[in-house]
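This is what each chain is made of:
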Amino acid sequence: MAQRQTTDVPGRREAVDRFTSDSRRRALKARRLRRGGLALTLVVPAALAYVLFVVRPIFLTIQYSFYDWDGVTPATWVGADNYAALLRNPELSGSILNAFELIIFFSFVPVALGLFTANTIRGFATSRLAVVARTVLFLPQIIPLVAAGIMWSWQLATNGLVNQVLRLIGLDGVARAWLGDFDTALPAVGVIGAWVLFGLCMLLLLAGMTKIDPALYEAARIDGAGPFREFFSITLPSLRQEVVVCVTVTVIAALASFDIVYIATQGGPGNSTLVPGLEIYYLAFFQREVGQASALAVALMVLVLAVVLPLQWINREGDS
Amino acid sequence: MIVSRRERWLGQTLLVLLMLVTVMPFVSLFVTALHAPGTYPAGLSWPETPHWSNFLTAFQAADMGSLLVSSVLIEIGVVPVSLLVATLAGFALGHLRPPGGRFIFIGFLLGLTLPFEGIIIPLYYQMRDLGLLNTRWAIVLPLIGLYMPFAVFWMRAHFINMPEDISEAARIDGASTWQMFWRIHVPLSMPALSSLAILLFLWTWNQFLLAVVLVDDPTQRTMAGALGAFQGQWGTDIPLLCAGSLLILTPTLIIFLVFQRRFVSALLQGSLKG
Chain A
19 MAQRQTTDVP
29 GRREAVDRFT
39 SDSRRRALKA
49 RRLRRGGLAL
59 TLVVPAALAY
69 VLFVVRPIFL
79 TIQYSFYDWD
89 GVTPATWVGA
99 DNYAALLRNP
109 ELSGSILNAF
119 ELIIFFSFVP
129 VALGLFTANT
139 IRGFATSRLA
149 VVARTVLFLP
159 QIIPLVAAGI
169 MWSWQLATNG
179 LVNQVLRLIG
189 LDGVARAWLG
199 DFDTALPAVG
209 VIGAWVLFGL
219 CMLLLLAGMT
229 KIDPALYEAA
239 RIDGAGPFRE
249 FFSITLPSLR
259 QEVVVCVTVT
269 VIAALASFDI
279 VYIATQGGPG
289 NSTLVPGLEI
299 YYLAFFQREV
309 GQASALAVAL
319 MVLVLAVVLP
329 LQWINREGDS
Chain B
-6 MIVSRRERWL
4 GQTLLVLLML
14 VTVMPFVSLF
24 VTALHAPGTY
34 PAGLSWPETP
44 HWSNFLTAFQ
54 AADMGSLLVS
64 SVLIEIGVVP
74 VSLLVATLAG
84 FALGHLRPPG
94 GRFIFIGFLL
104 GLTLPFEGII
114 IPLYYQMRDL
124 GLLNTRWAIV
134 LPLIGLYMPF
144 AVFWMRAHFI
154 NMPEDISEAA
164 RIDGASTWQM
174 FWRIHVPLSM
184 PALSSLAILL
194 FLWTWNQFLL
204 AVVLVDDPTQ
214 RTMAGALGAF
224 QGQWGTDIPL
234 LCAGSLLILT
244 PTLIIFLVFQ
254 RRFVSALLQG
264 SLKG
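Line by line, the protein sequences are chains A and B. Read in order, the letters of the first sequence are residues 19 to 338 in my numbering. Read in order, the letters of the second sequence are residues -6 to 267 in my numbering.
Read the hints as simulated data drawn from the structure, not as lab findings. There could be a bad hint or two in this list.
To be verified - Chain B side only, calculated, beta carbon under 10 angstroms to chain A, not exhaustive:
no. : residue
1   : 4
2   : 45
3   : 49
4   : 52
5   : 56
6   : 57
7   : 66
8   : 95
9   : 124
10  : 179
11  : 201
Here a beta-carbon is modelled for each residue, glycine too, at the ideal position from N, C-alpha and C.
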């Protein structure tokens, strides 16, 4: 016994240490669990609302998409037929292509123009003119898209402001009912989107630019870098996060566009401005092809994720 | 910073031009609204006699009074509840960090970029089965759920930056988690909460898809939904349509001009985080 005690002294100390650290850890764990239980209870209301009105509908959409259903009579299982139709039916695939074409206007134009503008006014971002511009350029962001649609339908009408300006500068031949013409309707809708999204992009990029250390620019100028070199070597690399955000927001706005198109063209003339959001609405609530509409809805959700996830990944990669 | 005069001049011209492009549609809307009802004026022309009465006609035609009431009721139903529920969840996930919290958070994140069109069909049948179609509840309930990913994300981002010491100090003073939450964390969260409130207010006011699909009666809709109905009804009478659109825009514009700084920073932050 005594022998064991002496030999065990170091071991016992270890054991005691282990015991106390164990018990402390256990106590901590118990506290964390107790607190954890409370914490999880606090999440319940939010999770409940989310599951009930977002998660459940997502799964239901997926379920509907495998059926032929008019919303009233019993549904029949059709497997992947509705998805095959997305590729075969030109009206459906056309709506997706239109959404991609809108990306040029909703995303590329505001981001490119925003970068250019923010870069030109970077030097006097705190002047009174720039402060006023901050408010004015933000107006399109706060009004409902429906209002933007109504306003611009009127600007782009035969008698509207756009044609008035064109006639004023001698371009009478170009003037037309922009939203009623097969060739120009989709770009015209795109212009409305660009008008709405430009201010947000510009201000986001400008805010990002003001965070860049001015010493970098001083150094570049001393080294004899021109404005182009400066932009591509200093400004653009420092703005990766802001650019990713702008692209994400605007691409989602293009793919999921509904309000503007609904008001400005209802998808016409023909199907030249039909976008997935509008087609889902027509199919589900007017033509009563709930299964087909759901398949398009699933495709739209997958498309958005397919665009957003790689962008987020680029952003994450850059941070680490 | 070194800025040459030529660069500055170019920048200012560009800025003025862009502001003009932004403002012209509003101006055109306004002058068109003053033309005689039923006419088809040019895009930008001052009428011989301004018909200010158009605004009154549009006010009555659109039933503006009840539209305002409806939108405000929807806001009251959506914004406070969303704020409370999201703050509780954000506090739990960001500050208390329960086991499994990470997975719950990722679950919320997946809904962050969901296009509303993706789930509008089941929502319709869900609301029909609940007997809520054509009531404001059909807009209020789904919106609370749809805001959760962003709102929880936003509040969690705020609480995760709160130092643990604050809570430890409160705990040593004998505060329960509940007291700690209301007495310390909520008051400290006011800036984050008010920005979130602005965003949710704006998104609700401007919500169109849910209003169009789930509610037929414009007087039970959001402002944007009502505007859509107004266009459908008066789309052929351009001056009246312009007057009505302006009226429907006015509340948002006034609120924006009053709180513009908060709005701009909230929206910029909102998109940066989202």
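Against the structure, the hints come out as follows:
no.	hint	result
1	4	holds, 4 angstroms
2	45	violated, 19 angstroms
3	49	violated, 20 angstroms
4	52	violated, 16 angstroms
5	56	violated, 17 angstroms
6	57	violated, 15 angstroms
7	66	violated, 18 angstroms
8	95	violated, 12 angstroms
9	124	violated, 16 angstroms
10	179	violated, 13 angstroms
11	201	holds, 5 angstroms
The structure fails to meet hints 2, 3, 4, 5, 6, 7, 8, 9 and 10 from the earlier list, while all remaining hints are met.
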